[in-house]
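When you number the sequence shown by our numbering, it's gap-free, plus one each residue, and the end is 554.
Calculated from the structure, these hints are not laboratory results. Cβ atoms here follow ideal geometry from the backbone N, Cα and C, with glycine treated the same way. Careful, some of the hints might be misleading.
[As the list claims (entries may be wrong)] Taking CB as the label site, the calculated pair distances span:
1) G377 <-> G330: 17 to 27 Å
2) D506 <-> D448: 28 to 38 Å
3) E520 <-> T412: 39 to 49 Å
4) F306 <-> T412: 45 to 55 Å
5) V228 <-> P538: 46 to 56 Å
6) A262 <-> A232: 23 to 33 Å
7) T544 <-> A232: 25 to 35 Å
8) C413 <-> A262: 37 to 47 Å
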Amino acid sequence: MLQRLLRAARLASVLTVLLSSVACNRSGSERGARKAEHGSPSASKSAARPAAKSSASKSSRPAPVQSSVAADVTAAPADGVDAEPARGAAEPDANVVAEPASALPPVARAESNEVEPAVAPSIAVEPEPVVVDVPEVAVEPVHTPEPLAAAVEPALASEPAPSADPASSDATPASEFHLEIAAPADAPPPEPLAKGSADAVAEAVAAEGSADDSPFDVSIGATTIYQSLVTGDHGNDALVGYLDIVAEAELAPGTTATLEIESIGGNGPDADVPSFGATVLGWNSNAGSAQDDDGFDRVYLAEAFVSSDVLGHDWVLDFGKVATTSYLDTNRVANNSTGQFLSGSFVNSAATQIPFRGAGIALTYLGSERYDVRLLAVRPDNSGDDATSGVFGGAQVDLFWTCGDELAGSCAVFGWSNGAKDDQCGFGLSLDQDCCEDVTAFARVGWQDEVDVAPQAIDTAWSLGCECRGPFDGRADDVVGVALGMNASHDSALDDETVYELYYKRVFTERFEATLHAQGMNHPGGDPAEDQVTSLGVRLQFNF
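Kindly generate the complete structure, drawing on both the sequences and the hints.
Given below as structure tokens:
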């Protein structure tokens, strides 16, 4: 009987504990539901915190039953206190939330009279997806030069793509744009700007601007010529120096002033072997010493004149001291003794008894692409007396044409009359024609009245030749020239003078060139006893 009562008491106590546990679980669930509805912060914290660990996992064996009623019931840990996990037990899932152990009812085992704690129910909490609003950024295309694009593209290709995971700490915000421009590997490092260099650059720019705005333009030419007569009984070696300074200044729009100063030292081979000619010298057109008796070179005024388009843009009026050969007997490839042929017969016609320079006036019409017209009046006497008497007058018409697309040609027809020499007159013809891109041929012929004085006793003269540019590979600026001419006299006692020349000009820079000359004459000056005379020489030209 007593045993029955004890069993009934035990059963009653177990039922009491079970009922109280169920009531606690129900009240806890209701409280959790109300907190979830009102958004209690503690609910979100408990969802993120790991579940409490029950003390039931501490031992794998149940405790033995005690002799008292209270000993038969296993006490649960207090609320908020975590129990120590059992050895070898697996870590609980972070997403599982467990109720406190005190709310878990024990399970009675009637067979072994032992009580087993109930297992806490698992609640799986799924995280809600997080939506991040990414602002749209409009990026306009940038047009970069090819060298810069070549440097930018590798840098852009090496940039990692932004992560799509918004929770990733390495994700790049879409509103940020990062561009890194890398210089090419072979680019030299920039030179540091020297102190004060900005001022130096400003001064240089100012100086350049002032130089461009300057109305003055000065050019200087210095020529040195060595010639040696290598045939016959002539052993003369001649050296000639020639200095030419030209200054130009703009006086007003369309009006310029020109001043030319010359100095010559040495007479060349003509002092030993004279040739025909009055205006020009046969061997060296640059010769004609201006030395004093004491040996010092004199500097003299060669030209000084003013040019103006006062009569219209198609007309040029020159007045002052002018050179007659600048307006008469012109030629593109046989008219310059410092850069082309050296013999006087290939610079101007020997049959032109005209004054070289003098005070006068010249008028040129340039209004047509097909022709030019030049008129000239010069007083040969530099004394200034009788300025209106003994005037030399000349005129020239230049004709221009083109054969095909690029082969240009011209012809100068000129005539003159010298009032200082009993109105002696003459005329001439000078032609030049491009045969191809690099070869230009020329021809010249002249005639004048009979002159009885031996040095000027020429009534007809002719010459022809050609100029070849770039004769060798890699020497596009070099020039080769060859010419042949004859000067004839009406005097039967004088033979015809034959002249020939070959030159090769080597251009080193725009300021320096050297020319080798080979010249020859048959019967120089009409002398029947002088068969053949040959000269070899070199000309050095400096231009500043």
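Verification of the hints:
For G377 paired with G330, a C-beta distance near 23 Å keeps the hint of 17 to 27 Å intact. Separated by about 33 Å at the C-beta atoms, D506 and D448 satisfy the suggested range of 28 to 38 Å. Range check, E520 to T412: about 28 Å between beta-carbon atoms, so the 39 to 49 Å window is missed. Between F306 and T412 the CB atoms are about 51 Å apart, so this pair conforms to the stated range of 45 to 55 Å.
V228 and P538 have their C-beta atoms about 49 Å apart, which keeps the hinted 46 to 56 Å range intact. At roughly 32 Å, the beta carbons of A262 and A232 sit within the given window of 23 to 33 Å. Between T544 and A232 the Cβ separation comes to about 27 Å, which falls inside the hinted range of 25 to 35 Å. For the pair C413 and A262, the supplied restraint of 37 to 47 Å holds, since their beta-carbon distance comes to about 40 Å.
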